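Asks: Chain residues, written in single-letter form:
Number of protein chains: 2
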Amino acid sequence: MPDARPVILFAAKTERWEQYSGPLRTALKDAGLGYATLTTEAAPEDVDYVVYAPNSGLTDFTPFTRLKAVLNLWAGVEDVTGNPTLKAPLARMVDDCLTEGMVEWVTGHVLRHHLGMDLYLDGQDGVWRAGTAPPLARDRTVAMLGLGVLGAACATMLASLNFRVLGWSRSRKDLPGVETEHGAEGLDRVLSRAEIVVLLLPDTPATESTLNARTLSLLPRGAVIVNPGRGRLIDDDALLAALDEGQVGHATLDVFRTEPLPPEHPYWAHPKVTVTPHIASETRAVSASRVIVENIRRGEAGEPFLNLVDRDAGY
Amino acid sequence: MPDARPVILFAAKTERWEQYSGPLRTALKDAGLGYATLTTEAAPEDVDYVVYAPNSGLTDFTPFTRLKAVLNLWAGVEDVTGNPTLKAPLARMVDDCLTEGMVEWVTGHVLRHHLGMDLYLDGQDGVWRAGTAPPLARDRTVAMLGLGVLGAACATMLASLNFRVLGWSRSRKDLPGVETEHGAEGLDRVLSRAEIVVLLLPDTPATESTLNARTLSLLPRGAVIVNPGRGRLIDDDALLAALDEGQVGHATLDVFRTEPLPPEHPYWAHPKVTVTPHIASETRAVSASRVIVENIRRGEAGEPFLNLVDRDAGY
Chain A
1 MPDARPVILF AAKTERWEQY SGPLRTALKD AGLGYATLTT EAAPEDVDYV VYAPNSGLTD
61 FTPFTRLKAV LNLWAGVEDV TGNPTLKAPL ARMVDDCLTE GMVEWVTGHV LRHHLGMDLY
121 LDGQDGVWRA GTAPPLARDR TVAMLGLGVL GAACATMLAS LNFRVLGWSR SRKDLPGVET
181 EHGAEGLDRV LSRAEIVVLL LPDTPATEST LNARTLSLLP RGAVIVNPGR GRLIDDDALL
241 AALDEGQVGH ATLDVFRTEP LPPEHPYWAH PKVTVTPHIA SETRAVSASR VIVENIRRGE
301 AGEPFLNLVD RDAGY
Chain B
1001 MPDARPVILF AAKTERWEQY SGPLRTALKD AGLGYATLTT EAAPEDVDYV VYAPNSGLTD
1061 FTPFTRLKAV LNLWAGVEDV TGNPTLKAPL ARMVDDCLTE GMVEWVTGHV LRHHLGMDLY
1121 LDGQDGVWRA GTAPPLARDR TVAMLGLGVL GAACATMLAS LNFRVLGWSR SRKDLPGVET
1181 EHGAEGLDRV LSRAEIVVLL LPDTPATEST LNARTLSLLP RGAVIVNPGR GRLIDDDALL
1241 AALDEGQVGH ATLDVFRTEP LPPEHPYWAH PKVTVTPHIA SETRAVSASR VIVENIRRGE
1301 AGEPFLNLVD RDAGY
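First to last, the sequence lines map onto chains A and B.
For the first sequence, the positions run 1 to 315 when our numbering is used.
For the second sequence, the positions run 1001 to 1315 when our numbering is used.
Hints are computed from structural coordinates only; laboratory data are not their basis.
Please read all numbers here as calculations on a predicted model, not as lab measurements.
The beta-carbon is built from N, C-alpha and C at its ideal position, and this holds for glycine as well.
You may find that some hints are simply not true.
[As the list claims (entries may be wrong)] In silico negatives: residues of chain B with every beta carbon more than 10 Å from chain A:
#, residue
1, Thr1065
2, Thr1132
3, Asp1203
4, Ala1269
[As the list claims (entries may be wrong)] If we take Cβ atoms under 7 Å as the criterion, some of the chain B residues that face chain A in the derived model are:
#, residue
5, Val1007
6, Gly1108
7, Pro1263
8, Pro1277
9, Ile1279
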């Protein structure tokens, strides 16, 4: 048995180790892997698994000669997928709790814009604004760009609230209760009808600046943008111009090209922009540790890994 | 056939007639009742049905000797249920669209409080408030007081978003996915656990000031009140005191003892109160007309009426 003892290298910043070491050890024990070595320092040639945060400093996987898998701590893998030294399988984080948090944030902010809440929150001025009831969700069109695990879950929840949901993805996907389109022309058709646009696309060269001057001009005037996906999906200058012109009515943004968003960035002071500090998809340590350990258990049992990244597609 | 031609008196304010006459005639025609007389003036002894708004001025039903039913335009019947001159069956408005609008408003404002949205909406100040992600809905307890058509629909939607939903009603009711309690002791138990309390109780003598100084003190400190039900469910002075003390963290109120809420009312200026102008359950004329006409069709066909009010219980 000592020879089979897997070595798991935790490669992430120190504060993550404080957050994850306990939950990971508990999850290993629960999975019958209490004998595994979980460490932040190991000789590369001894390491079987890397639990990985791309900002950890580890970028050269060449000396990791017996590596069975790299298990990403986050859903986003754009900073590792292009790494040519990584030959081992790469798994992204797919955590039900992460999906739940995203569904809650997206549903909440879509309903906020649908109901026109800001009008009342800003207008506690003694004026009874009768007759301002919004249309029903059944008469409101929401576009979901991206139908992966997160996008599909959010689209399904919005459909169950009776929103008319248009879903778009690069390649064709079907989703019950959602009218789906795909490809470049499908995107134009979806945007031309969308009153609220939610961005949950992966961050790849092909999705960079999906919302730009041309695509923003296709929207019905006054449409709202909600971005809990990735900052690079939006051309920021084009969005600011569209907000100033009134083409876009509001933008609620949780992710940015630079995070934290610098204090001098025009998004902060713009009256039609709401900034939230990358909270829509906060990974929770307990549930994420269970997901990581399930893949280690599979590796040790010779079963196929879950949530593998398609390195060619980049996600 | 002329003898069987039903006479329908529309008893509501003039602006309602402008809103409803077209949709009601369309719905009558669609139901094969295009031959019925729909009017705002008729001899009481000729009237078969009254489409009724309690603020119409009609309060003495004694001369309406052949009345088959009174069909209320709204869900609330508190201003007519105690009328001793009304002997005919009384039906309340139960409109799917009204339910949908209520579910949207309640879900939106519960998510707003759950996600702590106001922190970000008020704080667009360049400060990146990292680490402020809320707990998941699965770790948030919401109490739904009232499990009628509206309360049950809202509770079910909140449960599908993974909230821990506690439901309370006067008499015992079961609802899938919801932990239910009933009776006076059940109310105390529910309130002692509720982080967010939604009021959708009927307005009866028994429910007046359900939230008062004693019951508000049972809540976990900082709990949030959401009231789309009726203004009389809350003792306003007790709520204001609880807000000032910090016992209640926020109140989002759509209904009031006096509407419109007078400009000088302390709710308007209170930093922990959000006022919305009775928009959570706006009746939509097209769908409401179909509901009313379905009851007329049933009356003419000798079938039982839908949505009858229990006059003794008061709802």
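Asks: If a hint holds in the structure, say so; if it doesn't, say that too.
Replies: Here's how the hints hold up against the structure:
1. Thr1065: holds, 38 Å
2. Thr1132: Violated: least Cβ distance 6 Å, not greater than 10 Å.
3. Asp1203: holds, 20 Å
4. Ala1269: Non-interface label fails for Ala1269 of chain B: nearest chain A Cβ at 7 Å, not farther than 10 Å.
5. Val1007: violated, 32 Å
6. Gly1108: holds, 3 Å
7. Pro1263: Constraint on Pro1263 of chain B satisfied, holds at 3 Å.
8. Pro1277: Constraint on Pro1277 of chain B satisfied, holds at 5 Å.
9. Ile1279: holds, 4 Å
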